[in-house]
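S.K.: Respectively, the protein sequence lines represent chains A and B.
Residue numbers in the first sequence follow the numbering used here, run continuously in steps of one, and reach 386 at the last position.
Residue numbers in the second sequence follow the numbering used here, run continuously in steps of one, and reach 422 at the last position.
Just so you know, these hints were derived from the structure itself, not from any lab.
Treat the hints with caution; some may be incorrect.
[What the hints assert, rightly or not] Derived BS3-like pairs (lysine-lysine); straight-line CA-CA distance at most 27 Å: (1) B/Lys-68 to B/Lys-207; (2) A/Lys-25 to A/Lys-116; (3) B/Lys-417 to B/Lys-70; (4) A/Lys-358 to B/Lys-78; (5) B/Lys-70 to A/Lys-358; (6) B/Lys-13 to B/Lys-68.
[Said to hold, decoys possible] Here's a subset of chain A near chain B, in silico, CB distances under 7 Å, partners left out: (7) Ile-64; (8) Ile-65; (9) Arg-66; (10) Asp-68; (11) Tyr-70; (12) Gln-129; (13) Phe-131; (14) Leu-337.
As the structure is a prediction and not an experimental result, all values here were calculated from the model.
Backbone N, C-alpha and C define an ideal beta-carbon position, used for all residues, glycine too.
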Amino acid sequence: MSLAIAEQAEALWRDLSFSSVARWKAETGGLAVGYMPVWAPRELLHAQGCLPVGIFGGGQDLEIIRGDAYYQSYICHIPRSTIELALNGSLDVLDGMLFPATCDVIRNLSGIWKLKFPGKLARYLDVPQNFDPEVGGVFLRHELLDLAAELAARGARPYDPEALRRSLALHNENRALVRRLHALRVESPWKVPASEAYSLLRASLLVPVEESTAMLRAYLEAVEADTSRRPMDQARILLTGSFCEQPPLGLIRTLERSGCYIVDDDFVQVHRWIRGDVPLTGDPLEALVQAFLGDGIESPLRFVTDGSKGTELVERVRQTGAEGVLFCAPSFCDPALLDQPMAVAAVERAGIPWTAFKYAENNGQFQVIREQAGTFADALKLWSGA
Amino acid sequence: MSVQKDDSQVRQKEMIATHYTRLSRCPDSGEKNVYTFVPGNLTELLRSFDLLPVLPEINALQSAIRGKSKDYIATAEKLGHSEDVCTYVKCDLGMMKSGNVGPTGERLPSPDLLLLSYTGCFTFMKWFEILRQEYRCPVAMLHVPYQGDGAVTAAMRTYVVRQLQETVIPMLEKISGKKYDEDRLKEMLARSAAAEDDLVAVLESAKRRPSPIDAYFGGVYYIGPIFTAFRGTEEAVDYYRLLRAEVEERIRLGQGPVTPEGDLPAERLRVVVEGPPNWTSFRAFWKMFTDEGAVAVASTYTKVGGVYDAGFRHDPARPLETLADYCMGCYTNLNLPSRVDMLVRYVREYQADGLLINSVKSCNSFSAGQLMILREVESRTGRPGGFIESDLVDPRYFSAANIKNRLESYFQMLEQKRTGAA
Chain A
1 MSLAIAEQAE
11 ALWRDLSFSS
21 VARWKAETGG
31 LAVGYMPVWA
41 PRELLHAQGC
51 LPVGIFGGGQ
61 DLEIIRGDAY
71 YQSYICHIPR
81 STIELALNGS
91 LDVLDGMLFP
101 ATCDVIRNLS
111 GIWKLKFPGK
121 LARYLDVPQN
131 FDPEVGGVFL
141 RHELLDLAAE
151 LAARGARPYD
161 PEALRRSLAL
171 HNENRALVRR
181 LHALRVESPW
191 KVPASEAYSL
201 LRASLLVPVE
211 ESTAMLRAYL
221 EAVEADTSRR
231 PMDQARILLT
241 GSFCEQPPLG
251 LIRTLERSGC
261 YIVDDDFVQV
271 HRWIRGDVPL
281 TGDPLEALVQ
291 AFLGDGIESP
301 LRFVTDGSKG
311 TELVERVRQT
321 GAEGVLFCAP
331 SFCDPALLDQ
341 PMAVAAVERA
351 GIPWTAFKYA
361 ENNGQFQVIR
371 EQAGTFADAL
381 KLWSGA
Chain B
1 MSVQKDDSQV
11 RQKEMIATHY
21 TRLSRCPDSG
31 EKNVYTFVPG
41 NLTELLRSFD
51 LLPVLPEINA
61 LQSAIRGKSK
71 DYIATAEKLG
81 HSEDVCTYVK
91 CDLGMMKSGN
101 VGPTGERLPS
111 PDLLLLSYTG
121 CFTFMKWFEI
131 LRQEYRCPVA
141 MLHVPYQGDG
151 AVTAAMRTYV
161 VRQLQETVIP
171 MLEKISGKKY
181 DEDRLKEMLA
191 RSAAAEDDLV
201 AVLESAKRRP
211 SPIDAYFGGV
221 YYIGPIFTAF
231 RGTEEAVDYY
241 RLLRAEVEER
251 IRLGQGPVTP
261 EGDLPAERLR
271 VVVEGPPNWT
281 SFRAFWKMFT
291 DEGAVAVAST
301 YTKVGGVYDA
311 GFRHDPARPL
321 ETLADYCMGC
331 YTNLNLPSRV
341 DMLVRYVREY
351 QADGLLINSV
361 KSCNSFSAGQ
371 LMILREVESR
381 TGRPGGFIES
391 DLVDPRYFSA
401 ANIKNRLESY
411 FQMLEQKRTG
421 AA
C-alpha cells in the first residue's frame, strides 16, 4: 500500500493545471520559470526569488489535440505534449521557459516558443562540453550571469552572491536527502518502491526547495518507521535511458509488479546531475559552475573525454548490487538510443545481463513489457541461484 | 542519350576523385587525415597543417547515391543501432564495418584524429563517440555554442577561440608533427574569401528569371560540395571562378539550369526548399521537379556548410575569430526564428512561388520545428507551403509514388495560385 505522502506527491505532479505553482505565485508574487529536462540551474533561480518548475511533458494524462500538428510522427513525444500544455493554457502560470542543451528537439522547441509566445522568456540554455574551468567554465559562468540578468529584467531579484550561497546550502540539504532516498532503495528496495520515489522526485520539481526537503524528510521518516513492508523475491535491476521523456507511472509500476526491484534509474535526473555538495565557501557562482563541470554524472548528454563510455553505468551496477540492466529509452530519443549500443557493449563486457525496450510517455498498454521484464527478472533469479 | 556536362561538373568530379585517391594512399604516403563534419568544419586550419579532411556525412550520402546505404544501415542495425536514429550514422558505421570503401571504390584510411566540431547537431557528438570506440583514435572536441537568441555574443566567440587555442590546435600539432603557422592559415582564409565571393555570385544568380542554376539539387550536386573539403586551396578558387563564368554565360544566353536530363527547357515554377534532399533516389527526386518545370531558386541545405550569402566572409585579419564566427553561423546553428527570417527573405528576394519542405526522418536538427517554420513563412509571405517526408540515406523511407503525388499536387496548386493572381 502506498504511503499517504507518496499519494499526495503523485496527485501534485499529475495536476497538469499546475495549481501548486499558481498558489505559489499568488502568495509570493515571484516569477515561475519552467525548465525542460535534464539540468537547469535551479539554485540560481531560487536565489533570485523565482520558482523553478520542472516541465517534463504531459505524460499519460494529456490528450494531444494540437501538439501533433507541430511534430512529425518520427519525433519523440515530449515536445508535442509540452506544446499542447502551452496551447491549452496550462503553462500560462509560467513567466518563462528554459530549454537546456539536451538534444536538437528540445533545442528547437525553444525556437517554437520564441515564435509562439513572443512576450515570454524563452531561453535556450547552452552548457559547455568543454570541462576546462578556464574555457568551458568561463562560458557557463557567462551563460548563468546572462540568464540572471534576463530574469532580473523581468522582475526577479538581481543576482546576489549571498542569496546564491544560501540557495546552494538549501539545495545541498535537498540533494543529501535525495541521496539518502536512493541509498535506502539500494539497501532495502522493498521499503521504497521506485514508483513512490519517482512521485516524490517529480513533485519536488513543482515546489520550492524548502518544501521539497520537508516532503522528502517526511517520506523517509514514514518509510523508516513502517514495518509492514517486507522483502519479496524480486530481481534487482538498474533502469537506464529515461532521463528526458519520462515513462508513464503505470510502466514503472508494471516493472515492479513483473518481479523487478528498480534499485537505480535515470528518472528526474536533475536532482542527481550534480553528485555531491556544492561548496559554500568562495564565490558561490563559481562553485556552482565547478560542480557542473567536475562533479556531474556521466550522461549521454555529456561528452566523455576519455573514451570510457559505459564505465560509470557498470560501476553503478556494482555499487547498487543490481543483477541486470533494463535499457528503457523513449522512442526516437537520440541521446539515449545513440548511446545505447556503447552502453550495451560496456555492460556485456562486464558480464551483466540486460534487456531493452522503448516507450512513449503516453503509453497505456504494458502487457508486452510486463512479459519481457518478468521473463528477464525470472532469468536473473534463476542465474542468481545457479 | 548522354547529357553534355558543364566543365565545372567535370572539374569537380576530378577534384573529388583525386581527393579520395589521395586519402586511400595515406597509409603509404604517410599523409595524415582528420575525420570531421561539414557544419563547423575547420578545413583551412586542417589544411594549414597539411592534414586531409574526411567528411563522414559526405561518405554516407555518396554510399546512398551508389545504392550501398541500405546494406550498410542493415549492418549497423544488426549491431544494435536503433531504427529510430540518424541513418547517416548507421550508414557510416556500416560502411566502416564493410571495409570502409569510399565512393571511388578505394579504401578510406582510418582516422588519425576525430575532430568533433559539435555544431548545430547533437548527433555529431554521439557519432564520434561511436567511431572512437571503433577506431580507438584521439578525439578533439570543439563545442560550438548554439545561437539560441539569434546572435553571436562575445562570450560565445571567446569560448570557441579558447577551445581552438587550448584543445584543437595543440592536437593538430601533435597529429601532424607541425607547428601552428598563422601566416599560412591567413593565406588560406584569404583564398576562402575569394572563393566565397564567387560562390555567392553563383547562388544569387538564381534571382534572375529564368534562374541559371538549381540552388537545391544543383546546389548540392556541383555548386556546394567542393567547398567544404577544398576551402582555402587554389583549386577551390579556380573552381568557383570557372563556375561563375559558366553561370554568367548561361545568363547571357538566357538558359535555365543544367539538370541530369540536360538544360531545363522552361522555368514554370520557382520554389525555395528547406531541408536536406533524399540521396537514395536523388536523380528520381530531382526529375520530379524538372518534369514540372520547377526550379529551386534557393535552399537552406546548401547553407549548412556556411551562410555566405548573408554577408559572412572568412577574414584573414582575425583568423581564429573568423573560424569561430564561421562555425557559429552555419545554418543548423541558427535558431528557428532566424531560419524563418532567412526563408522569408529567400521567398521574397528570389521571387519564389512557394516554400517546399523536405522533412527527413533522420535529422532532428533540421526537422524538429519545420511544421512551425512552414506556417510562419506562409503567414509572412502569403506564399503556399508544401511538405513532404523522406530520409537522407535510408531507402525504406523514400516512397516515390507518394512523394511524386504530393509534389504534383503542390506544383499544381502553385500554378493555379499564380495564374489566379495574374
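S.K.: So, for every hint listed, does it hold in this structure?
M.R.: So, going through the hints one by one against the coordinates:
| no. | hint | in the structure |
| --- | --- | --- |
| 1 | B/Lys-68 to B/Lys-207 | violated (37 Å) |
| 2 | A/Lys-25 to A/Lys-116 | holds (23 Å) |
| 3 | B/Lys-417 to B/Lys-70 | violated (39 Å) |
| 4 | A/Lys-358 to B/Lys-78 | holds (17 Å) |
| 5 | B/Lys-70 to A/Lys-358 | holds (24 Å) |
| 6 | B/Lys-13 to B/Lys-68 | holds (19 Å) |
| 7 | Ile-64 | violated (14 Å) |
| 8 | Ile-65 | violated (15 Å) |
| 9 | Arg-66 | violated (11 Å) |
| 10 | Asp-68 | violated (10 Å) |
| 11 | Tyr-70 | holds (5 Å) |
| 12 | Gln-129 | holds (4 Å) |
| 13 | Phe-131 | violated (9 Å) |
| 14 | Leu-337 | holds (4 Å) |
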